[in-house]
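Visitor: Position chain B against the provided structure of chain A, taking the given hints into account.
Residue numbers (this note's numbering), protein chains in the order written: chain A, 1 to 164; chain B, 1001 to 1093.
I should point out that these hints are in silico values taken from the structure, not numbers from a laboratory.
One thing to keep in mind: the hints can contain errors.
[Unchecked claim] Okay, the calculated beta carbon distance ranges per label pair:
| # | chain 1 | residue 1 | chain 2 | residue 2 | range |
| --- | --- | --- | --- | --- | --- |
| 1 | B | 1050 | A | 78 | 45 to 55 angstroms |
| 2 | A | 113 | B | 1040 | 53 to 63 angstroms |
| 3 | A | 118 | B | 1045 | 57 to 67 angstroms |
| 4 | A | 102 | B | 1050 | 42 to 52 angstroms |
| 5 | B | 1054 | A | 40 | 22 to 32 angstroms |
| 6 | A | 134 | B | 1052 | 40 to 50 angstroms |
[Unchecked claim] Computed cross-link-like contacts, DSSO-like style, restricted to lysine-lysine with a CA-CA straight-line distance of at most 27 angstroms:
| # | chain 1 | residue 1 | chain 2 | residue 2 |
| --- | --- | --- | --- | --- |
| 7 | B | 1004 | B | 1022 |
| 8 | B | 1022 | A | 7 |
| 9 | A | 111 | A | 135 |
| 10 | A | 96 | A | 135 |
| 11 | A | 135 | A | 101 |
| 12 | A | 7 | B | 1004 |
Ideal Cβ positions, reconstructed from N, Cα and C, are used throughout, including at glycine.
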Amino acid sequence: MMPRKIKLFWRVGAVLAALTAVAVAAAVLVPRMGVSDLYRRYEGNPHLDVTYLRNFPVNDTLAVDVTLLQARDDEGWDTLRADFRIPELPPLFQQKIEDGKDMLSLRFVSKTDPSHTMDSVDMLNNNVIAISRLKRTICIFYTSTIAEQQCIYYNQLEKNITNK
Amino acid sequence: MEKKTCERRDLSPELRAYARAKAMEHGGDSEALCRRYRRWSAVVRCVVLAAVLAAVALAMESGATAYAGQPSTTGTLATGEAIGFVQQMLSNR
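Next up, chain A with everything else stripped away, as it sits in the complex (with noise of 0.2 angstroms):
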């Protein structure tokens, strides 16, 4: 029979190894629930590249999470082009993209589904949203308040008027 400080020492190794296996399968699995339903749905796309983006500083007070979808090829692109519904460009603006350089579009979306259109009457409803041509990125920012969805488009419009 065993002695009972081996038996005690193989079960608190057992305890141990269970408890690490909860910490690292949480450590793990935690961060995976905490993403956006975007993400999930392109998530594993051989065409895309995604990234979610928690607390992503718009000010030095203010923090939201983006999701980053980023083309890898034509296909990808266009995919993201019929999901949220990017128009074509006239010849002229699309020879300056070939060109290399770049028309940021911003835009309010509903937060139920990105690839409609803003709700005019409750702005709280609204995410807002980026999309570098150039880049064939787009950037989801998930806003909660009228000051972050100010300072991500309003602030924004400000910098290319002064840049201009």
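Guide: Then chain B, alone, in the frame of chain A:
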């Protein structure tokens, strides 16, 4: 002269006694049993220690970033890259 494994201090007295009792019971070599127990207890100690350290490090890292509101990412880009990319995009560069 090399010390016998059963006499080494890094083998717990319980395992040492258990090896001797088992060897006497079955008429085997207690030294071989001691060597085997010593090897296994070292392996178990290392595995448990490494797993506990890894779990603590992981928990601290994810907990710290979550509670401090620090940026973190899941997916293709690393946190610094993603922040830089979004900032660059917003500044139209």
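Visitor: Need the list of violated hint numbers for this structure, in ascending order.
Guide: Those not satisfied: there are none.
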